[in-house]
Every structure is written in structure tokens, then in C-alpha cells.
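Visitor: Just so you know, the protein sequences line up as chains S and P, in that order. Note that our numbering has the first sequence beginning at 242, numbered continuously upward. Note that our numbering has the second sequence beginning at 242, numbered continuously upward.
When chains are identical, the list treats them as one kind, so a pair holds in a single copy or across two.
Subject to a maximum C-alpha distance of 25 Å in a straight line, what follows is the list of computed DMTMM-like cross-link-like pairs (lysine to aspartate or glutamate): (1) K603 with E308; (2) K600 with D504; (3) K600 with E628; (4) K603 with E628; (5) K364 with D472; (6) K364 with E683; (7) K249 with E308; (8) K439 with E274.
Hints were generated in silico from the structure; no laboratory data involved.
There are 2 protein chains.
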Amino acid sequence: MNLGIVIKVLGKLLILEALLMIPSLLIALYLGEPVIIPFAASIALTFTTGYALSRFKSQSNRLKAKEGLSIVATGWLLASVFGSLPFIFSGLVPSVVDAFFETVSGLTTTGATIVTDIEILPKALLFWRSFTHWIGGMGILVFTIALLPTLGVGGFQIFRAESPGPVTDKIVPRIKDTAKILYVTYIALTLLEIFLLKLGGMSWYESALHTFGTVGTGGFSSRNGSIGAFDSTYIHLVISVFMVLSGTNFALHYALIKGKWRDVVKNPELKLYLGIILSATALIGFNLILASQVEVGLAFRDAFFQVSSIITTTGYSTVDFDQWSTFAKAILFVLMFIGGSSGSTGGGIKNIRILVLVKLVKREVTRIFHPRAVIPIKIGDKAAPREMVSGITSFFVLYILIFVIGTLVISLENISLESAASAVAVTLGNVGPGFGSIGPTETFAGFSNFSKLFLSLLMLLGRLELFTIIALIAPKAWRNEV
Amino acid sequence: MNLGIVIKVLGKLLILEALLMIPSLLIALYLGEPVIIPFAASIALTFTTGYALSRFKSQSNRLKAKEGLSIVATGWLLASVFGSLPFIFSGLVPSVVDAFFETVSGLTTTGATIVTDIEILPKALLFWRSFTHWIGGMGILVFTIALLPTLGVGGFQIFRAESPGPVTDKIVPRIKDTAKILYVTYIALTLLEIFLLKLGGMSWYESALHTFGTVGTGGFSSRNGSIGAFDSTYIHLVISVFMVLSGTNFALHYALIKGKWRDVVKNPELKLYLGIILSATALIGFNLILASQVEVGLAFRDAFFQVSSIITTTGYSTVDFDQWSTFAKAILFVLMFIGGSSGSTGGGIKNIRILVLVKLVKREVTRIFHPRAVIPIKIGDKAAPREMVSGITSFFVLYILIFVIGTLVISLENISLESAASAVAVTLGNVGPGFGSIGPTETFAGFSNFSKLFLSLLMLLGRLELFTIIALIAPKAWRNEV
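Could you put together the complete structure from these sequences and hints?
Guide: Given below as C-alpha cells:
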């Protein structure tokens with residue numbers, strides 16, 4: 242392996258992270274909060290380590306699959322370790338493991354927290370906490386469009402096969418253009434939401450924080466009551482809509498701006514995604530009305546918010562949905578697995594994969610009646626390549642497998658099976674809060690250190706679309722056996 | 242469709258079922274129980290209906306896929322309706338829906354019950370109840386080897402590709418021979434277990450009943466405490482071992498008798514199946530010792546019994562495993578999905594499919610490092626045909642899909658999510674008892690009529706390997722679209 246290039250790239254990543262901590266330091270300085278030294282020390286340590294690593298010499302600049310995988314996996318791990326320094330140095334988070342968990346949760350845009358009282362933390366620290374969502378959300382876009390194609394991993398194949406607009410089959414020669422378009426869209430969404438939230442009466446500071454949590458589909462809030470702390474239907478709706486937008490393929494936003502309405506309207510993943518949101522909102526809304534005589538408007542507002550939050554894997558809440566009926570909770574549980582769209586900041590299995598999987602079942606039924614027919618799986622008008630279909634089924638199997646093994650591991654905590662299963666579903670799917678002991682009014686603080694580290698691994702696994710990490714930790718035989 | 246042949250075959254099926262009720266009538270006569278008239282009436286009604294249908298004229302005797310599917314699905318439905326007559330006529334079961342549920346549960350070898358006090362029922366009725374397991378277990382063998390090949394359905398492809406010994410690629414020309422071998426094995430297992438249980442101090446009657454429940458992997462008992470009512474380690478072990486044997490591919494029993502040890506030892510599905518049983522028993526055993534200071538011997542005896550019972554989808558219990566730790570329950574929950582081996586009477590997803598699915602994941606990892614390699618999925622030494630692999634992934638996706646939709650439907654009962662999910666898992670997997678409100682000391686009596694009928698459908702779906710029924714109820718477009 243070309244270790245030199247790996248270390249060099251990792252060094253540059255740390256330098257970038259150090260720079261990204263500066264806004265938080267400035268806020269601390271401006272407000273005179275007692276986290277000035279922790280931030281200064283974190284920046285200094287991260288920058289010098291990064292600089293030292295970036296001076297590493299490498300024979301060549303060519304990346305092979307192995308190096309690409311190592312950079313992605315180690316990069317996320319290092320960024321999480323150094324990103325947790327402000328928490329550690331501040332002394333305001335119970336332990337090093339807690340600080341690491343919180344940072345992984347931030348960067349992977351999960352939003353699961355170990356902080357039991359958020360509102361007593363310094364504003365600069367909360368800014369950094371939420372800013373990791375924004376960085377992570379952007380990072381996803383980079384990885385998706387820049388690194389994954391060189392690895393030929395399923396996730397990117399989907400993105401390529403599916404995306405209308407800027408991302409075509411020949412994406413590699415113009416990665417930079419594509420990245421630029423996506424960044425501009427991401428930043429535009431960010432600025433627009435900050436502005437709209439400010440309009441609704443939030444401070445600039447809280448508008449920014451909650452926007453980071455929304456567009457990155459993260460879910461960290463500055464309030465213990467999450468979005469429920471803001472008693473404003475306007476704010477609830479703005480955040481709902483922006484969660485849905487952030488869980489949509491970013492290439493579609495670009496297509497919209499370019500006036501390519503038909504591409505957007507005909508997009509099969511978008512149809513499925515919006516269809517699920519609508520159906521789930523309707524089912525939960527009616528259920529709320531029947532089960533607890535909530536006012537019709539409020540029922541659908543709350544249903545829409547929670548559905549958007551969970552399916553996009555954001556994890557904000559306006560009500561304690563853990564108190565909802567079993568039926569409503571069961572729907573949310575399913576949404577935790579479905580997740581957002583390909584090419585979005587949302588996690589989970591993703592709608593395009595669900596679409597292909599359902600088509601596989603349909604094809605098998607057709608085959609019973611036409612055993613000799615060769616039937617391609619179509620997405621919209623295009624036939625999906627065989628490797629893509631097999632990549633999707635493997636992904637699905639692995640996702641369920643990790644969910645099952647994860648639940649077994651977490652069930653050792655002796656919380657209820659529902660709590661354990663949802664803890665795994667929400668970390669693997671990068672959602673945030675789940676049910677029972679990790680419901681919207683609870684935190685992950687009660688877990689053992691082992692479980693916190695294990696759940697951190699699940700967040701990284703989910704965020705990097707499973708195979709990046711599995712490939713690195715898989716037995717050697719799996720790699721070489723051809 | 243050639244309706245004539247379908248009706249004719251269904252008629253013969255009912256005649257057979259009427260004959261199979263005779264032993265129960267004889268027991269009622271011998272014991273002078275008040276169910277003589279109910280049984281006589283059931284036999285008369287079933288026989289005359291069957292006779293009338295069997296006189297139907299058909300132009301040809303050729304079965305096409307559509308006819309085959311209709312016979313299998315309608316056959317199981319009719320057998321369940323007529324099989325429930327003794328319960329209905331006896332007046333000892335609360336409602337017609339309950340009688341239907343109990344009979345579907347018996348024939349599909351599920352063992353989920355709506356009877357809250359089993360021990361007050363007449364012995365002849367309990368005999369019929371358990372005998373449906375034995376009939377269903379045998380029926381599975383018939384369908385697997387005789388009907389499914391003509392349909393080209395995935396389930397049979399597995400059986401064919403996997404089975405060493407009597408079942409080879411050219412099974413169709415000698416269905417009768419294969420059927421004979423399997424029946425002889427089934428009957429031999431039955432007689433052996435009855436004898437061994439009698440040796441352990443059970444009456445002939447209870448030995449027979451519990452043997453029907455074991456070899457059919459059903460789970461109906463004549464005791465409210467299931468096998469726990471028998472305070473004998475010998476009996477627990479005999480039933481455990483026979484559950485494991487009944488969840489094994491019957492072709493392997495035949496290979497053993499023929500002295501083909503190497504075929505058996507090298508069988509990859511058997512290795513996985515036994516490996517899972519051993520690991521699960523060890524994990525639960527140690528967990529029981531650590532969690533509740535149970536004596537070592539008892540811990541492993543109870544762990545082995547419950548593990549064998551759940552993975553083979555039998556559903557007997559010797560302890561109330563719903564009181565076990567979350568970890569132990571989580572393991573059992575996973576076993577409900579794994580199920581028995583192909584070509585056995587066990588239900589669930591089945592080990593051979595799990596094996597292939599894990600290999601798919603492994604292949605995807607290899608592909609990351611060797612993107613252009615063409616890697617076949619191997620079972621033992623043979624490469625699995627592509628249609629088989631795609632049939633298995635479709636089966637898995639459909640299984641999870643039905644589980645998810647089923648849980649949503651059952652969660653409307655407003656029981657806990659754990660109870661709802663396990664109710665669906667144990668009916669779809671033909672297991673029997675689950676967790677919470679349907680735990681081993683509880684019954685399905687509390688569900689609404691709608692849920693009981695829905696769960697009956699799930700039992701039939703699981704038993705007929707999903708696609709048989711899905712193909713019949715799927716929209717026409719799925720069939721014709723090529």
C-alpha cells in the first residue's frame with residue numbers, strides 16, 4: 242500500500258478541520274465564554290498534527306482501491322477524534338468516550354446525544370457541535386461524488402445511474418464541476434433556511450444552528466426540547482420542508498433551478514420518497530386524531546414534522562413520539578430504515594434501493610408465469626446494470642445483518658428489546674433519537690462505554706455506506722478469493 | 242385456466258382429509274367423549290363435498306403454473322376450512338374464526354393457539370389438533386417435492402440444488418420414489434420418537450401427540466405448560482433432539498441410513514444450521530448462568546430446548562422464555578427468522594438462504610478489490626445458478642417486506658411493538674409463541690377477528706414459501722409484464 246499518500250491526505254484533512262474550528266473560537270471570543278482556551282488548544286493541536294502529517298513524502302499520487310478505502314475510513318475516524326478535542330478540553334462533557342460519541346454523531350449527521358442538559362453548555366461549544374453536522378453533510382457530498390467512484394462501490398453506482406442533471410455517466414472527468422454545483426446548492430439551501438428561520442423569530446445564532454442540523458440531516462438542537470421548544474407552526478413547517486429538501490437528491494435541486502421540471506417530476510426515486518412521506522403523514526395524522534383526539538391541523542403538522550425528521554434521518558422532534566400509539570411508532574421505525582434519497586445528506590437504506598428491491602420481488606412473480614423470460618430491472622426508462630442490482634441486494638442484506646448483530650450486542654445492556662433495536666436502527670441509519678430509553682426526551686448517556694463506542698462504529702458504518710469499513714476489517718481471504 | 246382439473250384435485254384432497262379425521266373419531270368412540278357427533282358430521286360433510294368435487298370433469302390432466310398455484314393455495318385454504326369443522330361442531334372453541342385460526346396454525350405446523358385452557362378439551366379433539374401438525378408436516382414434503390418443481394418456484398430450486406442423496410437434478414421423472422423415501426423417513430422418525438417418549442414415562446396418547454408436534458415442527462401440546470409440564474430432563478432432551486432432526490433436510494437422514502456419511506458431514510447447510518444451534522445455545526446458556534444463577538446443567542438444557550424449538554419453528558417451551566434477559570430474547574427473535582433447513586418440515590427463511598445471502602455480501606467485498614472479477618456463489622463445491630441466487634434475494638426481500646407490513650397491521654391492536662413484531666415473526670415463520678402478549682404462557686385469543694384472519698394468512702404465506710400466494714393475489718400487470 243502507498244502509505245505516504247494516505248498520510249498526506251489525512252494531514253490535509255486535519256488542517257481543514259482546524260480551520261473549520263475557527264468560527265467557534267471567534268464566537269467564544271465574542272461572547273467571552275470560558276471555552277476560548279479549549280478551542281485555541283484544539284485548533285493548535287489539530288493544525289500542527291495535520292501539518293506534520295501533510296509533509297509526509299509519497300512516491301506517487303495514484304490512489305488504488307485499498308488507499309481510497311483507508312483514507313475515507315481513517316479520515317472519518319481522525320476527524321472524529323480531533324473534532325472531540327473542544328468537548329474534552331472544555332471539561333463540560335462527562336468523559337472522553339462521551340466526547341468522541343458526540344463528535345461522531347455530529348459528523349455522521351446522526352444527532353444522537355449524550356448531553357442531558359444542552360442549555361447549560363456554552364454557545365461556542367454548541368455552535369461547534371451543530372457545525373459538525375454541516376461539515377458532515379458536505380463531506381457526504383464530497384465522498385459520494387469524489388471518492389466513491391474510484392472505488393466502484395455500490396453507493397456511487399446508484400448516484401450515477403439515477404441522477405438526472407449534472408451527474409451523468411461521465412462524472413469522473415469533471416468531478417470538480419459537479420462538486421461545485423452541489424456545494425452551491427448546499428450553501429444556497431443553508432442561507433435560505435437561516436433567513437426563513439430568522440423571519441420566524443429565531444435569533445441568528447439559533448437559526449444557524451438549526452439550519453446546520455436540518456440541511457446536514459443531523460438533528461442537534463440548542464434546546465432540550467428540540468424543535469418542540471419553539472411554539473411556532475411556521476418554524477415547524479419551515480424545518481419540515483427543509484428536512485424533506487435535504488433528503489432529496491441534490492442533483493434534482495440543480496435540475497429545478499435549471500428549469501428541467503420534467504426530469505424532476507418523472508424521477509422515480511423522488512416519487513417514491515414523497516409518496517412514502519405523504520402516506521406516512523396521512524396514516525399517523527389520522528391515527529393521532531383517532532387515538533388522542535388531537536386537533537386536525539395539529540395532528541397533521543406534528544405527523545408531517547416527525548415523519549420528515551425520521552425518514553430524512555434528521556432526528557429533530559416537536560413532540561415525544563415515544564408516547565404515540567404502537568402503530569405510529571411502527572411506521573416511524575420503518576422510516577428509520579428507508580432513509581433519504583441517493584445523493585442527499587440523508588442516511589438509511591435510501592429510497593432508490595427500496596425501489597430496486599421491490600422491483601426484484603415483482604420480477605420474481607413475473608418469472609413464475611414466464612420462467613424463461615429475461616427481465617431487466619428498470620429505473621424510470623433505464624435498465625439498471627446487473628452489478629448495480631447485485632450491489633443493492635448485498636447492501637440490503639448487509640444492512641439487515643449489521644442491524645441484527647448490533648441489536649444482539651446492544652441488548653446486553655438489558656434495556657428493552659424495542660430500545661435496543663431502535664438504538665441500533667437510529668445509529669446505523671444516522672437518525673438520532675429512537676424509542677424507550679433513547680426516546681426523544683432521553684439521551685444515550687446511560688449506555689456503557691463499550692456500547693457508546695460500538696454505536697459510534699455503527700454511525701460511521703451507516704454514513705460510509707457499510708462496505709467502505711467492512712472491506713477494511715473483512716478477513717483477508719474475502720479480498721483475495723476471486 | 243383449466244378449472245376442471247383444479248376442482249377435481251381439490252375434491253380428492255378433501256376426501257383424503259375426511260379419511261384422516263377417522264382416527265380422531267375412533268378415539269372419541271373408544272373414550273366415549275362428547276365429540277362423536279361433531280367428528281362424524283365433519284367427516285360426512287368433508288367427504289361428500291370432496292366426492293362431489295372429485296366427480297368434476299376436466300378436458301385435460303395437464304397442469305400449468307396457474308393451475309398448480311391455484312391448487313396449492315386453495316387446497317391449503319379448503320383443508321383449513323374443513324379441518325376446523327370438528328372445532329366448530331364441538332362448540333368448544335369460542336368462534337368460527339378461532340376454529341379456523343387454530344386449524345391453519347395446525348396444518349401450517351405453526352402451533353400458535355387461541356385455546357386458553359387446553360387441558361379441559363376432549364382428548365379426541367386434542368388428537369385432531371395435533372394430528373393436523375403431522376398432516377401439515379407431511380404435506381410440506383409433498384408440496385416441496387411434487388408440486389413446486391412444476392412451478393419452478395425458488396423453494397424447490399434450493400431443494401434440488403442442495404440436496405445430496407435421493408434428490409438429484411432429475412427429480413421429476415421419479416417423484417414417486419423420492420416421495421416414498423421421504424415418507425418412510427418421516428414415519429420412521431415418528432415411530433422412533435413415540436417409542437422414546439413412552440420409554441420416558443409418557444402415555445402412548447401423549448407420546449403420539451407430542452411426536453406429531455415435534456416431527457411436523459408444529460408445537461401444539463396437550464398441556465397448558467407445554468413440555469415444561471413434564472419434569473423430566475430425558476423427555477426435554479428427546480424432544481430437543483427430534484426437533485433438531487425434523488429441522489434437518491430429510492434427504493440427509495436418508496443419506497445417513499445409506500451410509501453416505503461424507504455427504505452429510507460436508508453439507509454446508511447442515512454445518513450452518515448446527516453451528517447456529519450450538520452458538521445460540523452456548524450464548525443463552527452462559528447468559529442464563531450469569532443473569533440468574535441457574536445451575537449449569539439446567540441452564541444449557543433449557544437453552545438447548547428453547548433454541549431448538551425456535552430455530553426449527555416448532556414452538557414448544559419448557560420455560561417462560563419471555564422472562565429471559567433482553568439478550569437471550571434477542572437471540573430467539575433472530576432464530577425465528579432463520580428457521581430450519583431446506584427439505585425439512587421447519588419454516589422461516591431457512592439456512593440455505595442465509596448461507597447464500599452471506600456469500601453475496603462476501604462477494605461484494607471481494608468485488609471492491611477486484612471490480613472486474615466474475616465470482617460465482619458457491620454452495621459446497623457447486624456454483625449456484627444465477628436464477629437461484631436471484632430467487633433467494635427476492636425471497637429475502639419479500640420476507641422482510643411482509644414482516645414489516647404485517648407488523649404495521651398488527652400494531653393497530655395497540656399491543657407493544659415487541660409483541661406485534663413477534664406475533665408477525667412467529668406466524669410468518671410458523672413458529673408459535675413469541676414475546677409479550679403472545680409469550681409462551683399467553684395465547685392469540687386476545688386478538689381481534691381481523692387480526693386472527695390476517696395472521697392466518699401470514700401462516701399460509703410462510704408455509705407456502707410466500708410466492709405461491711403472492712403470485713395469485715398480485716396485480717395482473719406483474720404477471721404479464723415481460
